[in-house]
Every structure is written in structure tokens, then in C-alpha cells.
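Protein chains: 2
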Amino acid sequence: MTVGTDAHGEPLTDAELRSLHRWWQAANYLSAGQIYLMDNPLLREPLRPEHIKPRLLGHWGTTPGLTFVYAHLNRAIMRRKLEMMYVTGPGHGGPGMVAASWLEGTYGEVYPDVGQDLAGLRRLFTQFSFPGGIPSHAAPETPGSINEGGELGYSLAHAYGAAFDNPQLTVACVIGDGEAETGPLATAWHSTRFLDPVRDGAVLPILHLNGFKIASPTVLARIPEEELRSLLRGYGHEPWFVSGRDPVAMHHGFARALDACLDDIAAIQVRARGRGATERPRWPMIVLRTPKGWTGPAELHGKPVEGSWRSHQVPLPAPREDPEQLRQLEAWLRSYDPATLFEPDGAPVPDIRELHPRGARRMSASPHADGGLLLRALRLPDFRDYGVRVERAGGAKASATGVLGEFLRDVLRENRNEGIFRMFSPDENNSNRLGAVLEATGRAWMAEADADDDAALVPDGRLMEMLSEHTCQGWLEGYLLTGRHGLFSCYEAFVHIVDSMFNQHAKWLKVSRELPWRRPVASLNYLLTSHVWQQDHNGFSHQDPGFIDHVMNKKAEIVRVYLPPDANTLLSVVDHCLRSRNYVNVVVAGKQPEDQYLDIEAAETHCTRGIGIWDWASNDQEGDVDAVLGCAGDVPTKEVLAAVSLLRRSLPELRLRVVNVVDLMRLQDERQHPHGLSDVEFDALFTTDRPVIFAYHGYPWLIHRLTYRRTNHENIHVRGYNEEGTTTTPFDMRVLNGIDRFHLAIDVIDRVPRLGPTAAYARQEFQDALLRHRRHVTTHGEDLPEVRDWSWPSWTRTS
Amino acid sequence: MTVGTDAHGEPLTDAELRSLHRWWQAANYLSAGQIYLMDNPLLREPLRPEHIKPRLLGHWGTTPGLTFVYAHLNRAIMRRKLEMMYVTGPGHGGPGMVAASWLEGTYGEVYPDVGQDLAGLRRLFTQFSFPGGIPSHAAPETPGSINEGGELGYSLAHAYGAAFDNPQLTVACVIGDGEAETGPLATAWHSTRFLDPVRDGAVLPILHLNGFKIASPTVLARIPEEELRSLLRGYGHEPWFVSGRDPVAMHHGFARALDACLDDIAAIQVRARGRGATERPRWPMIVLRTPKGWTGPAELHGKPVEGSWRSHQVPLPAPREDPEQLRQLEAWLRSYDPATLFEPDGAPVPDIRELHPRGARRMSASPHADGGLLLRALRLPDFRDYGVRVERAGGAKASATGVLGEFLRDVLRENRNEGIFRMFSPDENNSNRLGAVLEATGRAWMAEADADDDAALVPDGRLMEMLSEHTCQGWLEGYLLTGRHGLFSCYEAFVHIVDSMFNQHAKWLKVSRELPWRRPVASLNYLLTSHVWQQDHNGFSHQDPGFIDHVMNKKAEIVRVYLPPDANTLLSVVDHCLRSRNYVNVVVAGKQPEDQYLDIEAAETHCTRGIGIWDWASNDQEGDVDAVLGCAGDVPTKEVLAAVSLLRRSLPELRLRVVNVVDLMRLQDERQHPHGLSDVEFDALFTTDRPVIFAYHGYPWLIHRLTYRRTNHENIHVRGYNEEGTTTTPFDMRVLNGIDRFHLAIDVIDRVPRLGPTAAYARQEFQDALLRHRRHVTTHGEDLPEVRDWSWPSWTRTS
Ligand SMILES: Cc1ncc(C[n+]2csc(CCOP(=O)(O)OP(=O)(O)O)c2C)c(N)n1
Ligand SMILES: Cc1ncc(C[n+]2csc(CCOP(=O)(O)OP(=O)(O)O)c2C)c(N)n1
Ligand SMILES: [Mg+2]
Ligand SMILES: [Mg+2]
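Here the protein sequences come in this chain order: H and G. Position one of the first sequence corresponds to residue 7 (our numbering), numbered consecutively onward. Position one of the second sequence corresponds to residue 7 (our numbering), numbered consecutively onward.
Careful, some of the hints might be misleading.
Unchecked claim - One side only, chain H facing chain G, incomplete, derived with CB under 8 Å:
#1 Ala145
#2 Val225
#3 Arg228
#4 Glu231
#5 Ser236
#6 Thr346
#7 Thr614
Treat the hints as calculated values from the structure; they're not laboratory data. Backbone N, C-alpha and C fix where the C-beta goes; we use that ideal spot for every residue, glycine too.
Put together the whole structure using the sequences plus the hints.
Pasting the structure below:
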């Protein structure tokens with residue numbers, strides 16, 4: 007199965023070989039040109055220092071491999087009339103991707119000033135890694151790309167996400183041998199156990215063993231080939247090896263391997279689709295072993311460059327200063343024979359211009375890579391039909407995520423035939439109480455199953471559960487960027503595992519929004535549950551609400567954070583998120599059966615407003631307010647309400663206002679976030695001079711950050727998670743962090759000056775309650791009945 | 007190589023088998039007891055509802071596997087006089103670890119009120135997952151643990167970290183089959199290519215295929231055994247399979263496999279150490295296939311529990327309420343025959359009390375697992391000897407990390423024979439300009455090498471470079487927690503990849519500090535370079551300074567953040583970090599050749615202070631100050647200085663003060679952080695009423711968060727990274743984010759009221775400079791000479 011340099015029996019005709027090779031040379035020339043040249047783009051004159059950019063930025067090493075594969079994929083697309091996408095893990099090979107899309111004509115279509123003429127060619131070269139130009143990576147600016155590749159490790163998961171529900175699509179995915187050392191990449195290989203050959207497209211991994219990463223060899227290039235083969239078989243693949251450096255032999259070898267793989271893929275699909283074969287196929291893949299920086303300068307100052315880590319970035323670093331390097335550079339560039347590749351007007355010569363598929367078959371023009379083009383809205387059932395009946399605040403109990411699960415079940419049902427919605431979770435769907443979705447779908451599963459499993463395993467399940475937050479996130483990103491919809495449910499603490507992937511996706515969206523040709527895609531929706539306040543079976547490691555803070559560092563136009571206090575508000579929020587575009591929505595909600603406050607209409611109104619006074623809990627309607635109690639999050643809301651009920655019973659003269667926040671961004675200044683309240687609105691809610699006691703779900707300072715420009719900021723006192731925790735009772739967690747009703751009630755007493763000495767009795771009562779709590783939980787292991795059974799009291803309605 | 011239930015020829019004598027099995031039963035009984043019982047710990051009476059805890063929390067499913075392995079490892083330790091540690095990936099099996107350490111007597115030594123008597127036993131049971139008691143995981147509270155295991159995926163990297171430089175140690179590491187699906191775990195297998203059999207100890211992975219995770223089967227349990235074997239061989243292992251459920255057969259099978267593995271390990275070590283074999287060995291490992299929840303209740307309500315995901319947490323959820331479950335629970339607990347395992351006074355019977363190694367050989371008492379016990383201080387050369395000569399501020403240029411590299415080189419040299427220091431980097435050591443360390447050591451590498459590599463690959467290198475931030479972090483954590491020292495150098499943006507691992511380590515340290523028996527360990531030191539302002543070859547994906555914000559959410563007593571402005575301050579900071587204990591130190595520093603400001607003495611003073619006025623840059627010595635310019639970070643410092651020089655030239659009457667911050671925590675309130683300045687000190691530096699223009703390395707709001715309680719907060723105007731970026735010139739990055747000298751100078755003009763209309767000329771000059779900049783970079787691709795060549799002007803000295 008090794009297709010090496012010494013193979014015989016050539017799969018390519020001489021003409022094919024010649025044009026393939028010339029296309030590759032053209033792409034390599036254009037790549038090197040982007041890195042080096044700011045003038046003399048066709049080398050019509052001898053190369054002079056002033057033709058060279060003053061700052062040489064970019065990565066050559068990976069590029070010839072990427073262009074080599076591109077050329078061959080094009081041949082296959084044309085011969086087989088394939089629909090293909092190209093995902094390149096080493097996205098730093100950006101020049102290669104840009105070169106290919108320029109050769110295919112896509113670049114000039116998208117960026118008319120970079121067309122196939124001399125001005126366009128010149129601009130193609132100068133813009134690269136240049137101020138006001140384009141970045142060095144396979145970024146959103148690059149037509150055909152859904153994977154920036156700057157942060158390595160996500161290509162394979164992205165490729166699978168693109169292939170899901172696209173049965174006609176083949177996603178070729180080049181994986182860098184350095185990239186393959188990352189954790190996210192290393193586990194994404196197991197995606198073979200989740201891809202349904204009937205419903206989904208194919209992924210063709212091409213592991214590029216160019217032997218090196220930045221400064222040293224790579225692991226996978228330096229284990230015996232048998233060990234590597236064993237590894238890849240262990241992932242469920244059958245690898246084809248293509249190794250060497252002689253272009254002719256390599257062209258034949260790669261063409262043969264690619265043909266074999268595509269034949270295999272076609273056969274697998276026929277077997278599965280036509281003949282209903284249900285066993286998991288062994289998917290083909292290619293291991294491509296080439297020198298790093300292939301076809302580039304062989305050496306510099308007597309040290310190898312081609313075939314060495316030295317080719318990683320700019321192989322000849324100083325041709326402007328060093329005449330010897332200038333000479334080397336010129337020889338290298340001329341080795342591609344540019345005069346035979348381009349017309350004097352800068353356009354590629356006809357045989358090269360011909361050598362790519364047409365229209366949307368061009369990988370650089372794949373509509374899948376500009377997923378918004380293909381995006382269809384979800385069919386959403388009316389979320390109001392799933393509302394919990396709430397006759398009075400506190401008069402009903404429900405699990406918020408449990409209720410949401412029923413809505414999501416029907417979202418799955420309504421869109422079953424569309425194949426445009428999936429849910430993703432690292433083995434937490436049921437733990438997060440979204441079990442109802444299994445009435446509408448199963449867990450995607452191509453590995454072995456057992457009658458006893460009782461886990462709803464089916465090849466075409468729409469619930470994607472692998473115990474890898476990275477893979478879930480990567481699959482979902484790939485799925486969204488190719489024009490579909492999804493939701494990721496995750497334990498709140500462990501979503502930090504994908505902090506960095508979120509960063510990259512948010513950056514991708516930010517740049518995409520600035521590109522008119524990139525159409526909006528569906529938002530990335532996180533449902534964070536099993537949150538910091540409800541990690542009963544686990545302890546401190548599971549208690550971390552910091553993802554919200556992390557998200558807040560990204561551009562205001564990208565991120566949205568929602569903290570619905572109960573089930574009906576959660577329904578309304580998720581409905582909204584599933585309709586939104588180009589955002590990252592973070593929804594934090596509890597899973598335990600808890601008090602419900604708003605009926606479905608009130609919930610919808612409240613969520614649309616995003617923030618509001620809860621008049622039924624407040625008693626300042628007819629007088630001046632003594633203190634405002636703000637709350638954001640289900641548990642803080644409950645504690646605020648409980649504090650209010652304690653205070654109103656003990657100190658009936660106190661005038662309190664409860665403000666609940668669902669949309670965290672409302673707190674921010676309207677100049678800082680499109681959802682931000684105006685100062686007038688904010689002051690109307692929170693007053694300009696009364697104490698505000700704010701109970702917040704996460705780390706308290708975020709509320710300060712959001713409100714520090716507000717008039718009344720000095721009077722805002724925030725309680726939140728204070729990084730204290732362990733395995734304990736739900737209420738004890740609140741006490742440990744001082745966010746419980748008693749601390750909140752004491753806060754109010756301490757901050758309302760007019761209460762005077764009589765309030766000392768109530769204050770002491772609350773302090774005693776904390777001691778009673780401590781005694782009770784350490785003895786009985788559960789919360790005080792008065793705490794456990796508390797719900798919003800009915801007597802307040804008449805007051 | 008499969009050792010299955012049908013194997014013949016028993017490795018255990020009947021007596022051995024009997025005591026092994028009884029020890030296992032005792033451990034299982036104690037585990038189940040912890041989950042369920044708050045009374046009647048020896049089941050002397052019939053089980054009644056009131057004996058059961060009101061809240062049942064914890065995880066049974068993984069536990070019997072962990073205790074089974076523990077029992078067998080103990081046998082091996084005793085027979086072979088081994089030094090062993092036990093790392094359990096599924097740390098939620100905490101009860102099993104606690105049970106084992108109680109049986110070994112360690113628990114009672116560490117926690118005298120939980121000794122081997124009836125009161126101790128009762129407390130052992132009640133304290134588990136109980137308020138005021140212990141958490142449910144293999145947490146810091148658990149003797150013998152270095153891996154909490156709450157967030158899955160890090161066990162194997164931790165195990166390798168522990169084994170490095172401990173040639174006599176064998177680290178047994180149980181990996182959950184669910185855990186094995188995570189990215190970090192999936193790539194940690196490649197650690198086989200980095201472990202030197204001569205210098206390092208051995209890691210014995212035990213992949214525990216109990217078939218399930220929380221709610222569904224696992225990938226590795228559901229691929230054909232041949233495919234799994236192939237995968238594990240691909241990782242460089244030779245797996246031994248032990249599969250079944252019959253205890254007798256499984257005891258024999260596991261004993262045989264374990265003996266074979268330990269024989270192999272011994273042989274590998276003899277070959278490498280004695281005979282100098284240099285090839286990479288194929289390390290043995292065990293695949294243990296058992297039912298999940300083995301020996302627990304077979305079923306509930308007709309559905310399987312043992313051998314199913316239903317055993318994951320509490321297999322019988324309601325024995326207090328449901329008499330049938332109570333009966334089942336009693337039968338289950340009695341199936342272990344507690345009356346034969348424990349004396350009436352609660353102590354284990356003699357044969358069980360005997361069945362474990364003594365003293366420090368007990369895995370629960372391993373000094374490696376309380377690494378502070380073994381910690382020796384590093385031998386540190388005098389950092390002052392590495393200082394850059396700085397005759398006047400701005401009068402020298404140096405790469406800060408380059409200079410640091412020389413110091414680190416000699417740290418490596420000085421400690422070469424100690425074997426207590428390593429450096430870790432995801433293939434970025436050289437890119438981060440720490441190349442000098444390769445003069446003192448090589449890159450650890452057991453894979454194939456090539457004469458041409460020129461990458462300093464050696465088996466016993468002390469530079470650990472795998473392109474996996476997760477593995478680097480996991481190795482380092484394991485290395486530190488077992489009493490050694492290290493430094494992790496990473497691109498600033500990509501350290502977010504380990505956000506979540508940092509969280510877990512910070513939480514570990516926080517809890518450890520509260521445990522008097524856990525001795526302080528060396529701090530985890532991050533050197534973040536190739537930072538947001540200097541990612542020339544790359545673009546937006548590489549620009550993210552948010553790790554500092556992330557770190558700030560953790561307890562003040564754990565985290566330290568340093569932003570040294572130049573090489574000499576970096577030396578002083580790193581020297582300090584390498585001496586510190588129990589912290590996470592985050593050091594952010596540039597790698598490009600840049601202006602130097604402080605000579606080595608001034609640097610030391612400045613860093614010890616952590617914050618200070620730079621009098622040589624200020625001109626308010628003899629008058630009232632008009633504005634304070636604060637700066638933190640190398641690039642912001644340079645821009646502030648440049649702004650000051652512009653302003654002092656154009657508006658010589660302006661009185662400016664420059665305050666540089668190295669230790670970010672100094673800005674915070676002394677009540678919030680031990681490094682915090684008092685209000686008096688803060689006000690003295692920043693005044694109580696003058697405008698403060700603060701240029702900060704990262705996202706600006708962090709400075710507000712740190713200073714919002716300060717008197718002068720309202721006048722603090724912060725510029726920082728505003729999430730704008732691409733591949734562009736260094737100065738253009740600053741301009742895009744408004745942190746450049748011209749914006750800063752304009753800020754000052756706009757905020758000093760007394761300047762009046764004449765300043766409009768200077769203001770316009772600075773605005774024009776921004777336009778000139780834009781024109782220049784988009785035409786020439788490099789920064790304006792006046793910007794590029796700027797350094798602190800000598801004329802200021804005389805003013
Ligand atoms: C997660 C991550 N860590 C570190 C880097 C820094 N980096 C950029 S390129 C590179 C080497 C990539 O090697 P490989 O995947 O083999 O790509 P190629 O050899 O094709 O350039 C590294 C480590 C990165 N981009 N992403
Ligand atoms: C990174 C991470 N994601 C999700 C979880 C939630 N979780 C807790 S236990 C568990 C299943 C673990 O399965 P396995 O490793 O097989 O352990 P075992 O079967 O031995 O319990 C999951 C998904 C977690 N703890 N860590
Ligand atoms: Mg490579
Ligand atoms: Mg398992």
C-alpha cells in the first residue's frame with residue numbers, strides 16, 4: 007500500500023503530468039512571490055533589492071505541500087465531477103491557498119482589484135502580510151477557507167463538521183505533522199466512529215509528514231512506518247503512503263494514492279447507501295512524506311534549508327541586504343519558469359488557466375466554505391407551547407433544561423428531513439437533563455453497539471456525544487461555517503477547555519463580518535448548565551463560572567450572554583439564539599427542579615427587554631425606594647427573592663425593588679455594546695443614589711466592569727462566586743461564597759441608613775440563621791428545611 | 007498476549023488470591039460505605055433508612071476497577087520492593103482512593119480523627135461528600151494523589167511528569183475509557199517518545215475499559231480488540247489485555263499481566279542502563295476490561311446496573327425511600343462480608359492490615375505525591391551577572407528573552423546533576439529566543455533522529471518540546487507536584503489552550519495551602535512571549551492577551567502577574583519566580599531586540615518594589631504634576647516614553663510623571679491581594695485628582711478592575727488591546743488599538759485643562775503623524791523611520 011518513488015506503472019499521461027506539474031509550479035511561484043516581491047512580479051527584469059519587501063513575513067515550509075495536494079485534488083474533481091472542500095491544518099501556508107484561488111479566478115471575482123492581470127498580480131504580491139493588505143494565514147479573507155489554522159489542531163474536527171449531513175461532499179483535510187501532536191487533533195481522528203457513510207459526506211485526511219515543525223522534527227515523522235500505520239489503523243483508517251522528493255515520481259505516486267482513496271470512498275458509499283451495509287468502514291487516507299520547503303532553496307550558508315525546519319518561515323531571510331541571498335532567491339523563483347507560466351499581461355497561460363474545475367466546483371469557490379450562502383432558517387416550533395404553567399411566582403417547579411429538552415426535541419423533529427441541525431455534548435446531554443431529545447433522535451454512533459447499551463446509538467443520530475469538548479466544538483464550528491445550525495451543551499466549568507477555540511471562532515466571526523462577500527452564518531450557541539452552583543456530585547474542580555468573563559473580552563458585536571432565571575425565560579432565550587446569526591451566544595441555566603417565576607408571556611416580554619423590575623417582588627411602587635436588589639442567574643435570583651421575603655417580613659417599612667437581568671449586556675453602556683442600556687434607562691432602574699445589592703451568577707467584578715461608567719456605580723455592591731467550593735449542599739455553596747439570602751439581607755440592612763438601630767434585631771436573626779445552617783448541614787448533610795422548602799411566599803401579593 | 011478469563015496456569019497461590027480478594031472487598035465495602043452510610047458502618051444491625059445519608063453523592067462505577075488495580079499494585083510493590091505512585095484518571099473514583107489509604111493506615115496518620123477504629127470508620131463514611139467533610143474526588147485532601155481527576159484528560163501527562171528524573175519510580179496510571187476520548191489524553195500517549203529509560207522512571211498505563219462513560223459506551227471499548235491493539239502499538243506500547251468479570255480468573259489474569267509488564271519494564275531499564283541500549287523501547291501497558299460498577303448491584307427495576315452506564319454515580323439512588331432498594335443495598339454491602347473484614351472495633355482484620363507495603367512504600371504515603379517533602383531549592387546563578395549594560399535609558403538594545411535564555415542556560419547547567427529542573431515549550435523555545443538553553447542541554451527525544459536535524463535531540467534533554475500545550479502543561483504539573491521545578495514558555499495567545507488546566511492547578515494549590523500536611527511546591531512559571539504586540543509573521547489569531555484576565559479570577563494568594571519592561575527587569579522577575587513556592591507566576595515579556603531602560607541594580611530595585619516612578623522620564627519633580635502616564639508591559643512602556651518625549655518637546659511647560667508597573671497586583675487594593683498597595687501609596691503615585699493615562703499590555707478593563715476602589719479611579723483613562731489586529735507592522739498594531747505614542751500624547755492634551763488652545767498645534771501634529779504613518783506603512787510596508795528608530799532621547803536628561 008506504499009506508493010513510493012520507485013513505483014512503476016504510471017497513472018498519469020505525459021500531458022496530465024506536465025500540466026499538473028506546471029500548475030503546481032505556478033502556485034509555488036505565486037506563493038514565494040507573495041512572501042518576497044513588491045515589484046517585478048513576472049521577473050521580467052533581473053531581481054534587484056528594491057523589488058523585495060522590506061519586511062519578509064510568512065511561512066514557506068508548508069506551502070509547496072499544500073499546493074501539491076491542491077493541484078491533484080483539482081485533477082480528481084474534474085475527472086470525477088466531485089464536490090470537494092479543502093481544509094488545511096497548517097493555515098500558515100496561507101500564500102498557497104491564496105495562490106490557488108487566484109489561479110482558479112475566484113480571487114479576482116471576490117477581490118476585483120486582484121484579478122488575473124499585471125496590476126492584480128502586483129497587488130496579489132504586495133498585499134500579502136502587508137499593512138492594509140491580507141494576513142499571512144488561511145484566514146476568513148481567503149476564499150475557500152473555513153479554518154484559519156493559526157492555532158493548530160482543529161482542521162480534522164472542522165473537516166468532519168463540514169462533512170456531516172453533506173452526503174455528496176468530500177472534504178480533503180491536510181494535517182500538519184506538527185499539528186498532529188496537539189491534543190485536539192490527536193483525538194479528532196476518532197471521528198471515524200461518528201461519521202455515517204449514508205447520510206454524511208467523506209473526509210479524506212492527508213497527513214503531511216514534511217518532517218518538521220518550527221524548530222525540530224515531528225513525532226509522527228520519526229517513528230517507524232509500521233508503527234505509524236498501526237496508529238492510523240487504530241484510528242479506523244487505511245493509510246496510503248506517498249513518499250519522496252522527485253516531482254515526477256511523486257506526481258504519479260500521489261495521483262495513484264488519491265485515485266485509490268477516492269475509489270475506496272465511492273465503494274464505501276455505494277455499499278452503505280446502495281446495499282445498506284451497516285458495518286463501520288475502514289476509511290482510506292494518505293500519508294504524504296515530502297521535504298519541508300520542497301522545491302525551495304536547498305541550503306543557506308552551508309546549512310540545509312529544503313528538507314529542514316529552516317524552511318519553516320522565510321527560507322532566505324535577507325535577500326535585500328545580502329547579494330548572495332538575492333542571487334539564490336532569483337534562482338529559486340526562476341526555477342519555476344515564470345515566463346512560461348504567465349502571459350506578459352500577468353494572466354496565467356491557457357493550459358494553467360484551464361487546469362481547474364469551473365464555478366462552484368472550484369474548492370476556492372465552494373459555497374460550503376461561505377456557509378451563509380447555503381444557510382436555511384431552522385423550522386422552529388412555537389416555544390410558547392412548551393411553557394411551564396406558572397399561576398403565581400414560585401407556584402411551580404420545573405427543571406429549566408428539562409423543559410428546554412422538550413422544545414429541542416421538537417426542533418430536531420421539525421428539521422429532521424432538512425438535515426441542518428445537530429446537538430453536541432461531551433457525554434453530558436442526559437446529565438444536563440436534555441434527555442428528551444432522545445425521543446426525536448439518537449446518539450450518532452458507528453462503533454460497536456450492544457443490545458444492553460440502552461443509549462440510543464444509531465448511525466444517523468443527531469446528538470453528537472464524544473467525551474471531547476474540543477471535538478464537539480470543532481465539529482460544531484465546521485458544521486456552522488458550512489451553513490448549518492447547532493447547540494453545544496456543556497458543564498459550565500469545563501467549557502474553559504475550549505476557551506481558545508472560542509477565541510478563534512470569535513475572531514473568525516469578527517473578521518468575516520467585515521467582509522461583504524461572507525454571508526452571515528448561524529450563531530454558535532452554548533448552553534452552559536450543571537453550573538457552578540449545582541455541581542452536587544462533584545466538587546471544586548467543577549465550579550468555575552469564568553467562561554462569561556473570557557467571552558466578554560471579545561468584540562461586543564459578536565458576543566451575547568444570557569442568564570435566564572427559570573424555564574420559561576430559558577425557552578424564550580434559546581428560541582432567540584437559534585434565530586440569530588454571526589454571534590456567539592452563551593446561555594447559562596440550571597438543570598435542577600426549581601421555582602418558576604414568570605408565565606410564558608411574561609417570560610417573553612422580560613427576555614425581549616433583557617432586564618426589568620419584577621413588580622410582584624418589589625414594594626417601592628408607592629414610595630421612595632430604599633434599596634435595589636439586582637440579580638442575574640437562576641440561583642442568585644432565588645436568593646435575592648428569598649432575601650426580599652425575609653426583609654419584608656422582618657422590616658415591613660423597607661421599600662425594596664427587585665431588578666432581574668437576563669441579558670447581561672444590558673448592563674453595559676450603549677456606547678460599548680449594542681444591547682447596552684442608555685444612562686437614562688439604567689438610572690431609572692437602578693436609581694442614581696440608592697444602594698444596589700447585586701447578586702450575580704459568576705465572579706463579581708464582571709458586574710463592576712459592566713457598570714463602572716454608570717452614575718450609581720459607587721453604590722453597587724456585588725456578590726458572586728468567590729472561588730470557594732467543595733462537594734457540599736446547594737445552599738452551603740451559596741453561603742461559602744456569601745451570595746445566600748442571609749448575607750444579602752444583611753447587606754441591605756447595612757446599607758440603608760434610615761433603618762437605624764431597630765434593624766439590629768433582624769440583622770442578628772439572619773446571622774443566627776447562618777450559624778444554624780452551618781450546624782445543620784454538618785450534622786445532617788442536607789440543607790435546613792426552611793431553606794430547602796422555601797419558595798416565594800404568597801403573602802407578598804397582597805402587600 | 008491476551009490474558010483472559012480462560013487462561014490457565016495460575017500465577018497466584020490460593021493464599022495470595024484469598025488475601026488479594028479480601029483486600030479488594032474491604033476497599034469496595036469502604037467505598038460503597040462512604041457513598042451511602044452515615045451510621046451502622048459495620049452493618050452490625052440490619053440496615054435501616056436512617057443509616058443512609060440524606061443526599062447520596064459520588065461515583066461508584068469506576069471505583070471497583072481502581073481498587074482492584076490498587077490491590078494488585080500493592081502485591082507487586084511488596085514482592086518486588088518497588089517505589090510506586092498511583093495516578094487515577096477517573097478521579098471521581100475518590101472513595102476508592104480514600105478507602106485504600108485508610109486501609110494502609112495513611113489516612114489515620116494524616117487525619118487522626120479518621121483512624122482505624124469505630125469512630126474513625128464512622129467519620130470516614132460520614133465525611134465523604136458531606137458539608138465540612140471531604141470532596142468526592144481524588145482531591146488534594148486525598149493522600150497519595152497528584153491528580154484530582156475532576157476534569158478528565160490529564161492523568162497520563164501527570165504520570166509522565168512524575169516519572170521524569172525519578173529513575174527508581176514506577177508510576178501506575180489508570181486511564182478511563184471515557185477520559186481516553188479527550189484530546190489531552192489522546193496525545194499524551196505520545197509521551198513514550200520523550201521518556202528516557204536511563205534517566206527517567208517508568209509509566210505503566212492501565213487503560214480501564216469498563217465500557218461506559220456517563221450515559222453511553224466509550225469509543226475504545228467498542229472497536230475491535232485488534233484495532234485497539236493496533237492503536238496502542240502505534241503509541242509505542244505493547245498492550246496486555248485482561249478481560250472478564252469472574253474475580254478469581256481476573257485476579258490471576260491481572261497478576262500475570264502486571265508481572266509481565268513489570269518484568270518488561272525491569273528488562274528495559276537493565277538494557278538501557280546497564281547495557282547502554284539506545285533504541286526506544288516498546289513499553290508495556292495493560293488494557294483492563296471489566297464491567298462498570300463491578301460487584302455492585304446487578305440491576306434496578308429490571309434494567310442492568312452493573313456493566314452499564316447506570317452504575318456511573320449512585321447505583322441505587324433511593325434506598326432511604328424505597329424499601330426494595332434498601333434491601334438491595336444491604337445485600338450488596340453484605341456481599342463483601344464486612345464481618346470477616348473488620349474487627350468489632352472497626353480496624354481491618356490482621357490479614358488485611360498486613361496486605362500493603364510499609365511506610366513510604368505505601369502509594370498513599372508516597373513522598374512523591376506530596377512533592378514539597380522532596381523539594382530542594384534550585385541552585386541559581388546570580389542573575390545580576392547576566393544584566394545588559396545600560397548606561398542611560400534607551401541607550402542599549404537587547405532581546406529580553408534572549409538575555410533570559412543565557413540565565414536559564416546556566417540554571418540548567420548548575421542543576422544538571424540535581425535533575426530537578428526542566429523547561430517546557432510547544433515547539434517554541436527557539437522562536438521565543440530562548441535558544442541559548444541549548445548550549446546547556448538538548449531537546450528530550452527518544453524517537454528517530456537524523457544527522458541533518460540540527461535540533462539538539464538527545465534522550466536526556468531537559469528541554470521538553472512537543473507541539474501540545476496540554477502535554478507541556480500536564481508534564482510540568484506532574485513534575486512540580488512531585489517536588490521539582492520548571493518553566494513553561496508559550497506564545498501568549500495560545501496559552502489559552504490550557505486555561506482550564508491552569509484553573510485546575512490553581513484550585514489544587516488553593517486547597518493544598520489549606521492542608522497543613524501538604525508541603526509547598528515550586529510555583530508554576532509561565533513565560534508568555536511572542537505576545538500580542540509582536541506577532542509579526544502571524545495575524546489576528548495570534549493576538550490575544552486575555553490569559554492575564556483569566557488568571558485574575560483565581561484566588562489572590564495563588565496568582566502573580568509580572569510585566570517586566572525590559573531585559574534586566576525580566577531577569578530579576580524570573581529569578582524571583584524560580585525561588586517562589588505555591589504560586590502560579592505569569593510573566594509576559596517580549597522577544598524582539600528593544601530599548602533597555604534600567605541597569606541591573608535599578609531593575610532589581612524596581613522589580614522588588616513592583617511599581618515605581620521613573621524619575622528620569624518624569625519632569626514633575628519641582629512642581630505640580632499635570633498628568634500621570636502609567637504603563638505596564640514592554641510595548642506600552644515604550645509608547646508611553648515616546649509620548650512623553652513628544653509632549654516634552656512640543657509642550658515643555660507640561661509636568662508629566664511616568665509610573666511603570668512590573669507587578670500588576672500592586673495596583674490592586676491591599677485588602678484584595680497581598681501585593682496590593684495601600685491607598686496612601688497608590689495616591690502618592692497616581693495622585694488623587696490628576697488625569698492618569700495608562701497604557702496597558704492587555705485588555706484595558708483589567709486596569710479598571712484592579713483600580714476601581716482607588717480615590718483617583720475616575721480620572722484613570724486606560725488604553726490597551728482592543729481586539730483589533732492582523733498581520734501588519736509592530737507600530738501599526740499599536741495604532742490599530744490606539745495605544746501608540748500619538749494617541750497617548752493626544753489623550754494627555756485632551757485631559758490637561760490648563761493647556762488651553764495653544765496645545766491645539768501639538769495635537770494636530772500628532773494627528774497628522776497618524777495619517778503619515780498610515781500612508782507610509784501601506785506604501786512601504788514598514789514603519790516610519792522616525793518611529794522605528796526612536797529611542798529615549800538624551801536631551802531629556804538635562805531638562
Ligand atoms: C496550538 C499551536 N501551538 C503552537 C503554534 C506555533 N506554531 C506555528 S507553526 C508551528 C509548526 C507547525 O508544524 P506542522 O504542523 O508540521 O506544519 P508545517 O510543517 O506544515 O509547517 C507551530 C508550533 C501554533 N500555531 N499553534
Ligand atoms: C473534561 C471533562 N468533560 C466531561 C466531564 C464529565 N464527566 C465526568 S465522569 C465522565 C465519564 C468518565 O468516563 P470514564 O473516563 O470512562 O470513567 P469511568 O467509566 O471509569 O467512570 C464525564 C464525561 C469531565 N469530568 N471532564
Ligand atoms: Mg510539518
Ligand atoms: Mg469508563
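Structure-based check of each hint:
1. Ala145: For alanine 145/H, the interface hint holds, since the closest Cβ of chain G sits about 6 Å away, which is under 8 Å.
2. Val225: At 5 Å from the nearest chain G Cβ, valine 225/H passes the 8 Å test, so the hint holds.
3. Arg228: The hint holds - arginine 228/H has a Cβ within 8 Å of chain G, the shortest such distance being about 4 Å.
4. Glu231: Violated, because the Cβ-Cβ distance from glutamate 231/H to chain G comes to roughly 11 Å (cut-off 8 Å).
5. Ser236: holds (4 Å)
6. Thr346: violated (29 Å)
7. Thr614: violated (28 Å)
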